[in-house]
Amino acid sequence: MNNPHVLPSPPVAHAARAHVGRWSQFPRLLHFAAEYLLLLPVGAAIALVWANVDAESYFRIVFDLNFFVTDIAMVLFFGVVMKEIVEATGRGGVLHPWRRAALPVVVAGAVAIVPAWMLSATAPMFGEPLVTWGWPAVFGIDIAFGYFVAMLIFGRHPVVPLFLLLALASNALGFAALVPHAISTQLQPLALVSLMAAAMGAAGVLRWNNVRSVWPYLVVGGGLSWCALIVGGVHPALALVPIVPFMPRGTTDPGFMVDAPADAHDTLNEFERWCRPPAQAALLLFGFVTAGIPLKSLDWGTLSLPVAVLIGKPIGLMLGIALAPAFGLHLPHRVGWRELTVVALLSTIGFTMALFFATVAVGPGPVLSELKMGGLWSLTGALLAWGAAWALGVGRFARHPPDARR
Amino acid sequence: MAPGLLVNAQQWAIIMSKILCTLLLVLASGPTVAGPSLTVPNRPDTFKFAVLGDNGSGDKGQYDLAEQMIAAHQVFNYGLVIMLGDNFYGSQTAPELVRKFDRPYKPLIDRGVKFYAAIGNHDEPFTINYPPLNMAGQRYYTFVRDQIRFFVLDTNVMDADQLRWFEAALKQSPEPWKIAYFHHPLYGNAGRHGAAIDMRVLLEPLLLGYGVSVVFSGHDHVYERLTPQKGISYFVAGSGGKLRKGDLVPSPTTAAGFDQEQAFLIAEVATDELYFQTIARTGATVDSGTIPRLTRPVGTN
Chain Z
1 MNNPHVLPSP PVAHAARAHV GRWSQFPRLL HFAAEYLLLL PVGAAIALVW
51 ANVDAESYFR IVFDLNFFVT DIAMVLFFGV VMKEIVEATG RGGVLHPWRR
101 AALPVVVAGA VAIVPAWMLS ATAPMFGEPL VTWGWPAVFG IDIAFGYFVA
151 MLIFGRHPVV PLFLLLALAS NALGFAALVP HAISTQLQPL ALVSLMAAAM
201 GAAGVLRWNN VRSVWPYLVV GGGLSWCALI VGGVHPALAL VPIVPFMPRG
251 TTDPGFMVDA PADAHDTLNE FERWCRPPAQ AALLLFGFVT AGIPLKSLDW
301 GTLSLPVAVL IGKPIGLMLG IALAPAFGLH LPHRVGWREL TVVALLSTIG
351 FTMALFFATV AVGPGPVLSE LKMGGLWSLT GALLAWGAAW ALGVGRFARH
401 PPDARR
Chain A
1 MAPGLLVNAQ QWAIIMSKIL CTLLLVLASG PTVAGPSLTV PNRPDTFKFA
51 VLGDNGSGDK GQYDLAEQMI AAHQVFNYGL VIMLGDNFYG SQTAPELVRK
101 FDRPYKPLID RGVKFYAAIG NHDEPFTINY PPLNMAGQRY YTFVRDQIRF
151 FVLDTNVMDA DQLRWFEAAL KQSPEPWKIA YFHHPLYGNA GRHGAAIDMR
201 VLLEPLLLGY GVSVVFSGHD HVYERLTPQK GISYFVAGSG GKLRKGDLVP
251 SPTTAAGFDQ EQAFLIAEVA TDELYFQTIA RTGATVDSGT IPRLTRPVGT
301 N
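Protein chains in written order, with the working numbering: chain Z, 1 to 406; chain A, 1 to 301.
Do not take every clue at face value.
These stretches of chain Z come out as covered by chain A in the derived footprint (C-beta under 8 Å, 3 or more residues) [unchecked claim]: (1) 212-219; (2) 272-284; (3) 290-302; (4) 364-377.
Using C-beta positions, here's what the derived DEER-type ranges look like [as the list claims (entries may be wrong)]: (5) Asp-161/A / Trp-300/Z: 37 to 45 Å; (6) Val-144/A / Asp-54/Z: 56 to 64 Å; (7) Pro-132/A / Asp-54/Z: 40 to 48 Å.
Just so you have them, the derived chain Z footprint on chain A, three or more residues with Cβ under 8 Å [stated by the list, open to error]: (8) 120-126; (9) 153-162.
To be clear, the hints were calculated from the coordinates, so they are not data collected in a lab. We put the beta carbon where it would ideally sit given N, CA and C, even for glycine.
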């Protein structure tokens, strides 16, 4: 009998459908890693070395580059992320129908709030109370990195889309938490609202007239939106977020962060094809401008963020799962506490998103350095998740084949 | 027994009891700290202030140095103490604030000395509202005494708003003396932290462009005076309570340094000179000198 609360596995990837064994997914995952995961760490590694060899020249370059990277280039990265969200929430997507998203969204609240509260305890405990100013950083979950590790551990398993939804929801909450930080004292509400209305109106007219070229959306809609945010006094990295949903899309979702077929010529996919190389360059530069931290400048406060997320997120996730039945929500089939433990550890990988949230929330200085180093250290969540999966015997480390367990 | 011997024994008992009483009285009244011998001119018409950083440990080192500050005040009547951040370490409950600030400096506060603090990395954010620190709820602010404009910055987070404010405040300042102080040093040779280079890249152009003569910082728990950097005199005075003994690694940019005891500075500003004297926990003078006022922004004609 069909259980109405048990959701079918959403389409995670083409390749996953074609291959049953997890090892057979490695070439595709390696391709994914090369495209999404390597560039930012490369930029971060260069920055770390440079900042500790010749800090003055590093910071002179970074403060000159900073506006170009975080306020202009990162617009493209978040545009690509928004494209994935639009496809995932549309018909046939990972987040469609809404019931599928409800559980992770509810859980994301707890996963975000508990570590934020914990940061307010750990920062004073480590003698650096001002680190609490960077609390939005705890909301960040690196979707690409987490997805990569989740696929390595679980392959095609319902817990992977659960993790993706959780990450998307937590990051969405992070953006909401940034609003008061992103707004400077230069806030111009009238300019912001009127220009943004013009931007969205222009994108709406383009969609109404079924314009399929990506450029009018980017140049007119995106340009106006960027102007709205920068003139209005709000961080402009999200300029494409309100514009991308207006772009016409295909009828199917190829999967999360999976290349569309070559014959897919809908506007969203054209946008991604054009946007991906510069977005990857943006990630490389973002790693370079954010991760250069002179190690001598760090104090114990650096530990505040990793400790808060490593303890807080698993507690938050379990709390959220415990509360879910009160909302009539249930876990997907084949997802138990052991899988959830691994997901909780995966959700501690803040990396790109933690770096971005911290950078927007807190200005340059030692507090930001400690938060950013905490964000880099959160990569250890991948190792912990891998170790937990091994210890608990889930995913690729399952002691019995999934069919036998059932 | 001879009567003379008995009298002698009684006399000895009386003498010994007097000595004991005197000793007890001395012990009960605590150590008396003599004021330092001054190397600064101590002229009646100059503006006098003291500099104290990283003081809020609440331990004996802080209390001993506070005694020296009180003793110095008896001979050098400063009316202002600038605090370089880390005004409180560890627990910052109301009784702890009293233990780490009000109690050690009570004699100075009672004599009308005003403290103006910068915020350090160990300070709870709410302490900017602690009335004795005179921050009026501001992370960064400015004030004037005589012909001296003090700029107090929060180098924990140097956001764009603060930088804009600092430049505007510098631009509007007509005072001949401009002194900036904040927690993280732009130059320094301590082993633990050293210079905050990112802050230097952000702040130095403004300090140079608008003629700031002197910069005081803390953070590293040593005393160090740097050779003038691009014309500006920099001090690290982060041993007002906490001390990291032996942490100073002198380099050619070190003009003077002291990392064996807690220390604070007294300073007085005449028309075109700032005289300073650095006093250690023992009362010894460990550095002194004169700094000329920058008559125009460095790099301008």
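Hint-by-hint comparison with the structure:
{"no.": "1", "hint": "212-219", "verdict": "violated (count 0)"}
{"no.": "2", "hint": "272-284", "verdict": "violated (count 0)"}
{"no.": "3", "hint": "290-302", "verdict": "holds (count 5)"}
{"no.": "4", "hint": "364-377", "verdict": "holds (count 6)"}
{"no.": "5", "hint": "Asp-161/A / Trp-300/Z: 37 to 45 Å", "verdict": "28 Å, violated"}
{"no.": "6", "hint": "Val-144/A / Asp-54/Z: 56 to 64 Å", "verdict": "39 Å, violated"}
{"no.": "7", "hint": "Pro-132/A / Asp-54/Z: 40 to 48 Å", "verdict": "42 Å, holds"}
{"no.": "8", "hint": "120-126", "verdict": "holds (count 5)"}
{"no.": "9", "hint": "153-162", "verdict": "holds (count 8)"}
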